[in-house]
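*Asks:* Sequence:
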Amino acid sequence: MGRNILCNKEDIKPGEKKVFQVGRASVLVVRNGEKFYAIRNACPHQGAELDKGFLGPVARSSQVKEFCLEEHGGHIYCPWHRWSFDLETGCSDHDPANEKVKTYDVKVEGNDLVVYA
Numbered sequence: 257m258g259r260n261i262l263c264n265k266e267d268i269k270p271g272e273k274k275v276f277q278v279g280r281a282s283v284l285v286v287r288n289g290e291k292f293y294a295i296r297n298a299c300p301h302q303g304a305e306l307d308k309g310f311l312g313p314v315a316r317s318s319q320v321k322e323f324c325l326e327e328h329g330g331h332i333y334c335p336w337h338r339w340s341f342d343l344e345t346g347c348s349d350h351d352p353a354n355e356k357v358k359t360y361d362v363k364v365e366g367n368d369l370v371v372y373a
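Here the numbering used here is used: position 115 in the sequence shown is 371, and no number is missing along the way.
One thing to keep in mind: the hints can contain errors.
To be verified - In silico DSSO-like pairs for lysine-lysine, Cα to Cα no more than 27 Å straight-line:
#1 Lys358 <-> Lys308
#2 Lys356 <-> Lys269
#3 Lys308 <-> Lys356
#4 Lys265 <-> Lys363
#5 Lys265 <-> Lys358
#6 Lys291 <-> Lys265
#7 Lys274 <-> Lys358
#8 Lys308 <-> Lys265
#9 Lys363 <-> Lys308
#10 Lys363 <-> Lys274
#11 Lys269 <-> Lys358
#12 Lys291 <-> Lys308
#13 Lys274 <-> Lys291
What the hints assert, rightly or not - Derived DEER-like restraints, expressed as beta-carbon distance ranges:
#14 Glu355 <-> Cys263: 14 to 20 Å
#15 Ala281 <-> Val364: 26 to 32 Å
#16 Gly303 <-> Asn367: 32 to 38 Å
#17 Arg259 <-> Trp336: 16 to 22 Å
#18 Asp349 <-> Lys291: 28 to 34 Å
Don't read these hints as lab results, they were simulated from the structure. Beta carbons: idealized from backbone N, C-alpha and C, even for Gly.
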């Protein structure tokens, strides 16, 4: 696993996303508050570029007529079919057992944003 310095952490503002080329992979980095997430920039369904989608919450339900919205900006939505993916786990909210986006370990080291891939 290689260490890849992407940018200064302040180059990505809270709520923003940015694409980086890491080796042969297109990696999407998202900043949600002070947390950073890195996932492959391709929907596993049909390959849409996830950076073209939007960040948002996801609705969860435990009972009929009852739901709650999870953390705003914690999911990325595919621009083609609106499938949503959890930024932390990469799991799809539509089919969490089978559809998943590759995630990468991302860290802030000093002022540098570093991804390990």
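*Asks:* Does the hinted range 16 to 22 Å hold for Arg259 and Trp336 at CB?
*Replies:* violated, 33 Å
*Asks:* Could one say that the CB atoms of Gly303 and Asn367 fall in the range 32 to 38 Å?
*Replies:* Given about 34 Å between the Cβ atoms, the range holds.
*Asks:* Under the criterion that the straight-line Cα-Cα distance not exceed 27 Å, is the pair Lys265, Lys363 satisfied?
*Replies:* At roughly 10 Å apart (the allowed maximum being 27 Å), Lys363 and Lys265 satisfy the hint.
*Asks:* Is it true that the CA of Lys358 sits at most 27 Å from the CA of Lys308?
*Replies:* holds, 17 Å
*Asks:* Lys363 and Lys274: Cα distance at most 27 Å?
*Replies:* Since the Cα atoms of Lys363 and Lys274 sit roughly 15 Å apart, the hinted pair holds (cutoff 27 Å).
*Asks:* Run the distance test for Lys291 versus Lys265: straight-line Cα separation, threshold 27 Å.
*Replies:* holds, 10 Å
*Asks:* Lys274 and Lys291 were given as a pair; does the straight-line alpha-carbon distance stay at or below 27 Å?
*Replies:* With Cα atoms ~14 Å apart, Lys274 and Lys291 stay inside 27 Å; holds.
*Asks:* Falls inside 14 to 20 Å, the C-beta gap from Glu355 to Cys263?
*Replies:* violated, 29 Å
*Asks:* With the threshold set at 27 Å, check whether the alpha-carbon distance from Lys265 to Lys358 stays at or below it.
*Replies:* Roughly 22 Å between the alpha carbons, so the hint for Lys265 and Lys358 holds.
*Asks:* Could you grab the alpha-carbon distance between Lys356 and Lys269 and see if it respects the 27 Å cut-off?
*Replies:* Between Lys356 and Lys269 the Cα gap is close to 26 Å, so the pair holds against 27 Å.
*Asks:* Take the C-alpha atoms of Lys274 and Lys358, compute the straight-line distance between them, and say whether it is at most 27 Å.
*Replies:* holds, 16 Å
*Asks:* Between Ala281 and Val364, is the Cβ distance one that fits in 26 to 32 Å?
*Replies:* violated, 21 Å
Hints 14, 15, 17, 18, counting from the list given before, are not met by this structure.
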